[in-house]
Amino acid sequence: MSARRWSLTAVVLLASCGTAGSFVVQTLLANEAPDLVVVAACAIGAGIAGVLANPKDWLTGIRTWRLIDSWQAPLGGVLAFWAAPLLALSQRLSDAPTGTETAFFTTSCWGLAVVVAGAVLTRRWSVSVSIVGALASVVGSATLLASWERPSSFSPFVRFVQQQSLMAVAGVVFAVALVMLVRQARERGWDEVLRQATVAPAALGLLLGAVSAVKTPVAWGRLSTSLGALAVFSAIAVFGMLKAVRQGGVAYAGAAFLLVPAALTSLSVLERLTGMHGPDPVRWGSAGAGIALAVAGAVLVLASAAATTRAVPVEYRPILVRGAAFAGTINIACGVAALVVPAIRGEVTASVGEGYHVRWSMYGIETAPGWFLLAASLLAATALFAAMKRLTGLSLVSSAVAVVAGIGYFFTLDTPLHTFTTWIPDQVQQVYGTEYARLVFTPLSSMVAPVALAVAALVTLASVVLSLRTMQAVRTEG
Amino acid sequence: MSMRRYLTAALSLPLAVALAGTLGGCERKVEVRTGTRVMCTYGHEISDNVKMIEVPAKKSSSYKVRVVTRTCPRHASLERLYAEAQAALRKGDLAAARKKLEEIVLSDPSFRSASSQLAVVKSGKKPSADNSRPGNPTGGKTNPGQGDVSGPVGSLMNYTPDTLDGFVAQPVLNDPNQLTRIYRPTGTSDCIILTAVAEQERTAAVAGVMLTREVKDLYPVGATTVTAGSRKVYFGTDGSRYAAAGFCDGSIFVVYEMAVKRGVDPAKLKASLIAAVAQIR
Numbered sequence: 000m001s002a003r004r005w006s007l008t009a010v011v012l013l014a015s016c017g018t019a020g021s022f023v024v025q026t027l028l029a030n031e032a033p034d035l036v037v038v039a040a041c042a043i044g045a046g047i048a049g050v051l052a053n054p055k056d057w058l059t060g061i062r063t064w065r066l067i068d069s070w071q072a073p074l075g076g077v078l079a080f081w082a083a084p085l086l087a088l089s090q091r092l093s094d095a096p097t098g099t100e101t102a103f104f105t106t107s108c109w110g111l112a113v114v115v116a117g118a119v120l121t122r123r124w125s126v127s128v129s130i131v132g133a134l135a136s137v138v139g140s141a142t143l144l145a146s147w148e149r150p151s152s153f154s155p156f157v158r159f160v161q162q163q164s165l166m167a168v169a170g171v172v173f174a175v176a177l178v179m180l181v182r183q184a185r186e187r188g189w190d191e192v193l194r195q196a197t198v199a200p201a202a203l204g205l206l207l208g209a210v211s212a213v214k215t216p217v218a219w220g221r222l223s224t225s226l227g228a229l230a231v232f233s234a235i236a237v238f239g240m241l242k243a244v245r246q247g248g249v250a251y252a253g254a255a256f257l258l259v260p261a262a263l264t265s266l267s268v269l270e271r272l273t274g275m276h277g278p279d280p281v282r283w284g285s286a287g288a289g290i291a292l293a294v295a296g297a298v299l300v301l302a303s304a305a306a307t308t309r310a311v312p313v314e315y316r317p318i319l320v321r322g323a324a325f326a327g328t329i330n331i332a333c334g335v336a337a338l339v340v341p342a343i344r345g346e347v348t349a350s351v352g353e354g355y356h357v358r359w360s361m362y363g364i365e366t367a368p369g370w371f372l373l374a375a376s377l378l379a380a381t382a383l384f385a386a387m388k389r390l391t392g393l394s395l396v397s398s399a400v401a402v403v404a405g406i407g408y409f410f411t412l413d414t415p416l417h418t419f420t421t422w423i424p425d426q427v428q429q430v431y432g433t434e435y436a437r438l439v440f441t442p443l444s445s446m447v448a449p450v451a452l453a454v455a456a457l458v459t460l461a462s463v464v465l466s467l468r469t470m471q472a473v474r475t476e477g
Numbered sequence: 000m001s002m003r004r005y006l007t008a009a010l011s012l013p014l015a016v017a018l019a020g021t022l023g024g025c026e027r028k029v030e031v032r033t034g035t036r037v038m039c040t041y042g043h044e045i046s047d048n049v050k051m052i053e054v055p056a057k058k059s060s061s062y063k064v065r066v067v068t069r070t071c072p073r074h075a076s077l078e079r080l081y082a083e084a085q086a087a088l089r090k091g092d093l094a095a096a097r098k099k100l101e102e103i104v105l106s107d108p109s110f111r112s113a114s115s116q117l118a119v120v121k122s123g124k125k126p127s128a129d130n131s132r133p134g135n136p137t138g139g140k141t142n143p144g145q146g147d148v149s150g151p152v153g154s155l156m157n158y159t160p161d162t163l164d165g166f167v168a169q170p171v172l173n174d175p176n177q178l179t180r181i182y183r184p185t186g187t188s189d190c191i192i193l194t195a196v197a198e199q200e201r202t203a204a205v206a207g208v209m210l211t212r213e214v215k216d217l218y219p220v221g222a223t224t225v226t227a228g229s230r231k232v233y234f235g236t237d238g239s240r241y242a243a244a245g246f247c248d249g250s251i252f253v254v255y256e257m258a259v260k261r262g263v264d265p266a267k268l269k270a271s272l273i274a275a276v277a278q279i280r
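Line by line, the protein sequences are chains P and L. According to numbering that gives the first Met the number 0, the first sequence is numbered sequentially starting from 0. According to numbering that gives the first Met the number 0, the second sequence is numbered sequentially starting from 0.
Honestly, I wouldn't trust all of these hints.
Which residues of chain P face chain L? A few of them, derived with a C-beta cut under 7 angstroms, are [stated by the list, open to error]:
1. S350
2. V357
3. R358
4. P424
5. Q426
Don't read these hints as lab results, they were simulated from the structure. Note that the Cβ used here is the ideal one computed from N, Cα and C, for glycine as well.
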């Protein structure tokens with residue numbers, strides 16, 4: 000890997016860590032201080048990032064800037080670094096949605112939105128592969144968050160549907176704003192755009208935050224450290240993200256968001272290693288599978304953003320091309336079938352009230368194993384299609400991620416993607432995990448899973464063979 | 000068809016499936032336990048038609064196991080005979096009382112104080128009439144907290160058995176993680192009442208703490224550890240009216256407590272208390 004790619008990877012990791020830190024501090028500050036004050040800290044952090052990006056010419060650039068002549072970049076900055084965080088933060092009530100759901104809808108989902116926006120912006124076939132990678136990463140993150148504890152609080156779109164939807168919409172706003180900034184940068188240059196896009200939200204955030212702080216008393220003595228830390232983490236996140244976008248493309252910012260749940264979980268690993276920990280509620284089998292797929296999917300996003308099509312002296316016969324297309328389609332159909340067959344059985348026994356005992360089947364779409372099978376199928380098909388396009392590197396990476404998904408499937412067999420339902424009585428659900436209500440999930444077997452895995456494995460193998468054949472041909476010609 | 004279109008179709012399919020599922024294609028069906036379990040006031044099951052049935056998920060909360068407690072015909076008949084025997088004893092009609100008591104003992108030797116009273120009558124003496132109340136038929140109404148042990152506390156039932164030699168079991172009282180059962184002694188003895196409590200704790204360590212706090216600390220007089228059946232059991236008294244035997248089975252904490260008549264040393268009940276504990280399977 001070249002020095003540039005190492006540098007880009009480091010910047011992505013930096014942005015991811017900054018975003019993770021920002022999320023943690025925002026969680027501490029949510030409902031402790033007015034939303035406008037908290038978002039002001041985020042926006043000020045963005046302003047600091049703008050200064051750090053180009054400190055030499057920053058002041059000169061600000062002095063010569065006329066808002067009326069260039070308002071698109073400031074608008075994009077306000078949307079990305081003030082409005083989107085404010086929309087997400089305003090949906091956080093006291094412990095609702097839960098921390099796992101909030102992490103999912105404000106990091107992973109934002110990453111998917113940004114990657115999709117980047118694919119639309121770039122319109123290269125290889126970048127559309129990044130959407131598959133982002134989807135795989137989202138599946139991994141959802142599985143990871145659903146494995147943080149048992150019974151898990153992760154139940155997207157069961158309770159607080161409006162709040163979760165708006166958090167996801169905030170991600171779309173961020174993605175659209177980022178695309179605006181990239182388009183502006185193509186016309187005016189990155190230095191000018193970065194300056195304007197970070198100063199505007201900082202100024203607006205500072206002004207409105209000050210007004211809010213006057214109207215609603217803030218415990219500055221207790222919260223100033225947290226607010227300062229939030230500004231620092233935001234500065235790191237924004238600096239890293241904008242640098243990655245500038246050097247590599249929008250998909251890199253998406254990858255940074257996709258890695259955040261894994262980064263948050265790494266705090267728990269650090270606790271274990273240093274001995275500073277209490278009881279361990281994490282189900283490490285399925286959490287490990289989730290981390291692996293989340294990271295592998297993000298790697299595929301980065302690989303697809305860097306992939307280039309070049310002329311190679313390999314031609315495939317039409318029958319092979321048609322066969323590959325057919326195999327890929329069958330493969331994807333098997334993956335989709337995994338979403339609609341029962342995958343996990345849930346059973347609740349409760350002694351609250353007059354007692355309650357119920358059993359039900361969860362379809363693949365409600366479970367981690369169902370989505371892992373789909374991810375494996377999609378990734379295998381993507382690998383094959385990339386091989387047919389002679390994108391050998393991308394094909395091999397996609398094959399590797401497909402293998403990660405296929406192996407990870409076996410560690411997620413009893414992991415549901417939602418614990419709560421709308422039809423089990425609340426008085427039962429609120430005592431899950433106590434002696435008053437027992438909740439058990441057991442895997443269900445079906446023919447779909449082994450068939451889907453076998454087909455995905457064959458397709459992956461075919462794509463690896465084709466890729467190696469292409470690479471061999473290139474070496475021979477070279 | 001180009002690769003891009005295949006990929007687009009590939010991504011669209013699961014999205015379409017997800018949307019269809021979310022927007023509610025099929026109504027979910029679940030299996031829920033429901034039915035009626037009829038328990039006798041003397042602790043045994045009269046009938047049980049509890050089963051799992053398939054219902055729409057949204058209606059699952061309407062289904063539950065209904066527990067009805069009533070006196071079974073056999074025990075109702077025994078209670079009638081017993082009441083008649085006590086009435087005869089109050090009148091001084093020992094012959095009539097003996098006839099009734101013999102009928103009762105033939106059917107159920109452990110029924111209340113029938114055996115002990117019959118023994119006294121046969122010895123030529125007149126036993127005192129039993130003025131205690133019989134088992135409490137509820138006429139079909141369910142008493143919350145009584146009877147239904149189908150939940151997580153169901154496994155505690157073997158620590159509060161339906162029959163104990165020398166005692167008559169009363170209906171089980173259940174809290175979410177605890178069963179309590181009172182046993183009345185048959186025959187004359189220094190024991191007034193035996194109370195058995197079985198409680199599910201979170202861990203074995205917590206059960207151990209409960210044993211110390213609720214038994215060893217409260218009943219420290221004459222403390223000793225004895226073997227009852229296959230278990231090591233702590234025995235002690237409070238020095239005045241109560242004796243207790245306690246043990247832990249993993250995370251389950253069990254204590255049997257006997258109350259004695261006034262003026263009697265509770266340590267004298269050690270043998271009968273340990274014998275009762277030894278009957279736990």
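Cross-check of the supplied hints:
Contact between S350(P) and chain L, as hinted, is supported at the beta carbon level, the nearest pair being about 3 angstroms apart and thus within 7 angstroms. Checking V357(P) against chain L: minimum C-beta separation of about 5 angstroms stays under 7 angstroms; hint holds. The interface hint given for R358(P) holds, since its Cβ lies 4 angstroms from the closest Cβ of chain L, which is under the 7 angstroms cut-off. A cut of 7 angstroms between beta carbons decides the hint on P424(P): the least distance to chain L is about 5 angstroms, and the hint holds.
A cut of 7 angstroms between beta carbons decides the hint on Q426(P): the least distance to chain L is about 9 angstroms, and the hint is violated.
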